[in-house]
Amino acid sequence: QLQLQESGPGLVKPSETLSLTCILSGGSISSRNHYWGWIRQPPGQALEWVGSIYHTGSIYYNPSLKGRVRVLLDTSKNQFSLNLYSVTAADTAVYFCARGGATNSFELWGQGTLVTVSA
Amino acid sequence: DIQMTQSPSTLSAFVGDRVTITCRASQSVSTWLAWYQQKPGKAPKLLISEASTLEGGVPSRFSGSGSGTEFTLTISSLQPDDFATYYCQQYNRFCTFGGGTKVE
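Protein sequences appear in the order of chains A and B. Numbering (this note's numbering) for the first sequence: 1 to 119. Numbering (this note's numbering) for the second sequence: 1 to 104.
Among the clues, some could well be false.
Computed footprint of chain B on chain A; a stretch qualifies when at least three of its residues, placed anywhere within it, have a C-beta under 8 Å from a C-beta of chain B [claimed, not checked]:
no., region
1, 15 to 22
2, 56 to 63
3, 104 to 118
Partner residues aside, some chain B positions facing chain A, computed with beta carbon under 10 Å [what the hints assert, rightly or not]:
no., residue
4, Pro8
5, Thr53
6, Pro59
7, Thr96
On the chain A side, residues computed to face chain B include the following (Cβ under 10 Å) [to be verified]:
no., residue
8, Asn33
9, Gly37
10, Pro42
11, Gln45
12, Val69
13, Leu72
14, Ala90
15, Phe96
16, Ala98
17, Gly101
Source of the hints: derived by calculation from the structure; they are not laboratory data. All C-beta atoms, glycine included, are put in the ideal place defined by N, C-alpha and C.
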């Protein structure tokens, strides 16, 4: 069964780095027909796209994150990761990983993981 | 950056009602527009891609239309399972979500 699962610390201190991993089971993350993305949702707020990575190596980030974000693909482990640097309380959110396809929409989602930024 | 504006932000309706949600883009996104349904504590679910293509398993009471800068999601006859928040999303190299419409 095709599934995405996020993992990582649920609590990060201000100014530190938020690091999450998303592992794909039941399929290959090397698929040429898909790309991989991170989307976040602050409590009670709307969805916000964080970034996407393609098998070609192309990576796109939300400009509002101003260079604080990095997404990596690890085909050997069938997973991709998110690093968000210099976090503040405004980065507190549920972080979802997702798979995008040819229709440029996110067709498969992880369950999401809550990350709280607090001292 | 392309901004996506959804209206209304909240919609009150009854079972059986026809419901329409609008999404406007600040510039043309062609038909690179998707609609999602999200229930509390759950991940979003893709309903419609490319503005009007219904995803597999999604009931036919859902439909999408539009191109360019104006799009609509219509639920022809609201069912109890449809009370949720709906988001539009555009793709134009970068990705942007609308602010959401809560159907209550």
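Interface hint outcome for B/Thr96 [beta carbon to chain A under 10 Å]: holds, 7 Å
Residue hint A/Gly101, partner chain B, criterion CB-CB below 10 Å: Nearest chain B Cβ about 8 Å off; hint holds.
Hinted contact A/Val69 with chain B - closest CB pair below 10 Å: violated, 13 Å
Minimum beta-carbon distance criterion (10 Å), A/Phe96 to chain B: Cβ of A/Phe96 sits 6 Å from chain B, so the hint holds.
Outcome, coverage hint (the region 56 to 63 of chain A, chain B; C-beta under 8 Å; three residues): It holds: at least three residues are needed, and the region 56 to 63 of chain A offers 3 whose Cβ sits within less than 8 Å of chain B.
Chain A contact restraint on B/Pro8 - CB to CB distance below 10 Å: At about 14 Å, which exceeds the 10 Å cut-off, the nearest Cβ of chain A leaves the hint on B/Pro8 violated.
Stated coverage of the region 104 to 118 of chain A by chain B [criterion: 3+ residues, CB within 8 Å]: Holds, because 8 residues of the region 104 to 118 of chain A bring their Cβ atoms closer than 8 Å to Cβ atoms of chain B.
Cut-off 10 Å, beta-carbon criterion: hint that B/Pro59 touches chain A: Status violated, d = 17 Å.
Cut-off 10 Å, beta-carbon criterion: hint that A/Gly37 touches chain B: A/Gly37 check passes; min Cβ-Cβ to chain B is 7 Å, inside 10 Å.
Status of the hint placing A/Gln45 at chain B (closest C-beta pair under 10 Å): Since the shortest Cβ distance to chain B is 8 Å, the answer is holds.
Proposed interface contact between A/Pro42 and chain B, which counts if any beta carbon pair is under 10 Å: violated, 12 Å
Per-residue hint verdict: A/Ala98, partner chain B, C-beta under 10 Å: holds, 8 Å
Hint compliance for this structure: hints 1, 4, 6, 8, 10, 12, 13 and 14 are broken, all remaining hints hold.
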